[in-house]
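Student: Next come the chains, spelled out residue by residue.
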Amino acid sequence: MARLIKGRRAVSETPPSPDEKIVRLEPADDPAAVAGELATASRVEVNFPKFGDGRGFSIGRLLRERYGYKGELRAVGQITRDHLFYLESCGFDAFELREGEDAGEAVAAFGDFSESYQASVTRPLPLFRRR
Amino acid sequence: MYRYDAIDQRLVDDRVRQFRGQTERFLAGRLTEEEFRALRLRNGLYIQRYAPMLRIAIPYGLLSTRQLRKLAEIARKYDRDYGHFSTRQNLQLNWPRLEQVPDILAELASVQMHAIQTSGNSFRNVTTDQFAGVAADEIVDSFVWCEILRQWSTFHPEFSYLPRKFKFAVNGARADRAAVGVHDIGLHAIKDEQNNVGFKVMVGGGLGRTPMVGFVIREFLPWPHLLTYVEAILRVYNRFGRRDNIHKARIKILVKERGPDRFREEVEAEWAHLKDGPATLTHAEVERVAGRFTRPDYASLANQDLGKLANVPGLAAWVKRNVHPHRVPGYAAVTLSLKKTGVPPGDVTSDQMEAIAGLADRYSFGELRVTHEQNLVLADVRQDRLVDLWREARALGLATPNVGLLTNIIACPGGDFCALANAKSIPVAEAIQRRFDDLDHVFDIGELDLNISGCMNACGHHHVGHIGILGVDKNGEEWYQIQIGGNQGENRPGGPGPALGKVLGPSFARADVPDVVESLIECYLARRDSEAERFIDVVQRIGVEPFKEQVYGKADQRSPRRQRDAAVA
Chain A
-8 MARLIKGRRA VSETPPSPDE KIVRLEPADD PAAVAGELAT ASRVEVNFPK
42 FGDGRGFSIG RLLRERYGYK GELRAVGQIT RDHLFYLESC GFDAFELREG
92 EDAGEAVAAF GDFSESYQAS VTRPLPLFRR R
Chain B
-10 MYRYDAIDQR LVDDRVRQFR GQTERFLAGR LTEEEFRALR LRNGLYIQRY
40 APMLRIAIPY GLLSTRQLRK LAEIARKYDR DYGHFSTRQN LQLNWPRLEQ
90 VPDILAELAS VQMHAIQTSG NSFRNVTTDQ FAGVAADEIV DSFVWCEILR
140 QWSTFHPEFS YLPRKFKFAV NGARADRAAV GVHDIGLHAI KDEQNNVGFK
190 VMVGGGLGRT PMVGFVIREF LPWPHLLTYV EAILRVYNRF GRRDNIHKAR
240 IKILVKERGP DRFREEVEAE WAHLKDGPAT LTHAEVERVA GRFTRPDYAS
290 LANQDLGKLA NVPGLAAWVK RNVHPHRVPG YAAVTLSLKK TGVPPGDVTS
340 DQMEAIAGLA DRYSFGELRV THEQNLVLAD VRQDRLVDLW REARALGLAT
390 PNVGLLTNII ACPGGDFCAL ANAKSIPVAE AIQRRFDDLD HVFDIGELDL
440 NISGCMNACG HHHVGHIGIL GVDKNGEEWY QIQIGGNQGE NRPGGPGPAL
490 GKVLGPSFAR ADVPDVVESL IECYLARRDS EAERFIDVVQ RIGVEPFKEQ
540 VYGKADQRSP RRQRDAAVA
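Going line by line, the protein sequences match chains A and B. Going by the numbering used here, the first sequence opens with residue -8, and the numbers climb by one from there. Going by the numbering used here, the second sequence opens with residue -10, and the numbers climb by one from there.
Be aware that a few hints might be false.
Here's a subset of chain A near chain B, in silico, CB distances under 8 Å, partners left out [unchecked claim]:
hint : residue
1    : Y77
2    : E106
3    : S107
4    : A110
5    : F119
Hint data in this document are derived by calculation from the structure and do not stem from the laboratory. All C-beta atoms, glycine included, are put in the ideal place defined by N, C-alpha and C.
So here's chain A without its partners, still in its complex pose:
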């Protein structure tokens, strides 16, 4: 059962090659501290060690909106389909689901909500500026 989602599709993981540079951030880490490494990173992973720990959502937005990171931004840890809509809005484009989740089924959750009131990475303008 695939547990990785990229580009809104379930994919199988290929092991990283030795020259790939993976930057990993824990919830308490400051994204500013890795700003200098982003240009050369092949991906950034943000860990969500607990289901209800929402610090990584802010980290995602800061990486995209403040530090201009353009590469793969992967959420890892206790991720279920219930987080996907919010994570994507906050700039994540790859998702490693927790054990027991089926990526093939979970991709439907990108459509959990048909709209957002707020500005976010995927919707730089809030709804009231798009009406």
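Using the hints provided, position chain B relative to the given structure of chain A.
Tutor: Same frame as chain A, now just chain B:
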């Protein structure tokens, strides 16, 4: 009444579908207890002492009669024929079945209602003044700002998994009737010298285990910056609020640990990035939201002399306590009291809900408001129909003339229902109401807020009662700690601001609570300058000590029994 547009409706429907799927996955064993807990709480669903409890959102307390009739129908069909209005202006059902909750949510969605974010570590219902839009001392219509905040805080992608719950209160009038000082963020609308509208922003207030009055982070925030500024506050909180200890996770603890000055600097640094960005509010958006509220079609009337109503026996007291000034001539706002002795504060049956809907249709343009003091308000009643309304309300048991008085008790559901409670609240409220059953005496005592919570989570707002009662557990027994001097906020301009009560001393057995309250009242009556000096004013003037002496006696005069109780407690 705010009317949903197509997108508002679609999002609520989306949520029903999402929650139905989550419930199915939980029942199929595909979500763990812990995961489903976080998800169901976001939809107001608790697992309580005897059954689940579902908390239905009533945004800023505003309700149409169509919605109230639907609530009556839901309570009848899925529950035990009654509901409980809470201090957060919501409605709680105490006996729904887990499997049926998605159906209940679908029924709610059919009348533009939901249970979104009524619990869990998320933005809660934004509360406000029950006289918004009609108050004679209004600065702005706070409903419009509450709705703007409701939309901003609904399914916020970045802030859906906060360290802890988060409560906004907005006040749009001169008097603070929304208790803005004791909320995570309190917004008090003001105008500057050029007549520009802005908000005084308070942060870090709250009750619960560590009660605190919020600090003023900004004296005047011009309204276009409202959303970017609160976004900056929330980002600081989401990143740095404590997550290691649930009891230290509210924003007030972060503010306390960092100190207000450092906290403000961090918020300002974050805001520097967000200020003037796309989330900056526009006139067009404020007008759009304001335009989606229906407005009563007032008749052109003159004010009446309400003093003349004193000729009808029993009516004078009701006019004095339950009828409130209105900005439109010839109209008044009326509080329907849910505080009749013998009925748990805030409880209403389905039949009553339907009868109340009938009153609101006939007397108040089909709308009503839920107050944080757990009463209902008909906001737009013609003064020339007050007598008729009073007769009908009295027949329904909703005309107890005690608004603002001692027997208008705020109480949480307490140990009779709630799994968190240490002690019962409802029987204590009833015992006090029975002790003070002489209405003339209650009138003579004058304005007094008496609030009861069954545990330190403080759903009954005991810290801000002029008299606050807290249920505590001592070796498996229910005891009651009593405090005085708390105050919700500056609900009289120039009067006392928000304050937390001071504990009198050792706690009491339940049976003794009415005696203690009586003794506090005696002390107050003996020491007030005049009838105009309220209980809270006297406490502020002379301090807690005289009350303490009255209750416990001077140390050497204490009765052996009290000393024994004190030793146990």
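Student: Each hint needs a verdict: does it hold in this structure or not?
Tutor: Right, here's what the structure says about each hint:
1. Y77: Interface hint status for A:Y77: holds (4 Å vs cutoff 8 Å).
2. E106: The hint holds - A:E106 has a Cβ within 8 Å of chain B, the shortest such distance being about 5 Å.
3. S107: Since the shortest Cβ distance to chain B is 7 Å, the answer is holds.
4. A110: Given a least distance of 5 Å, the restraint on A:A110 holds.
5. F119: Interface hint status for A:F119: holds (4 Å vs cutoff 8 Å).
Violation of the numbered hints given earlier is absent; every hint is satisfied by the structure.
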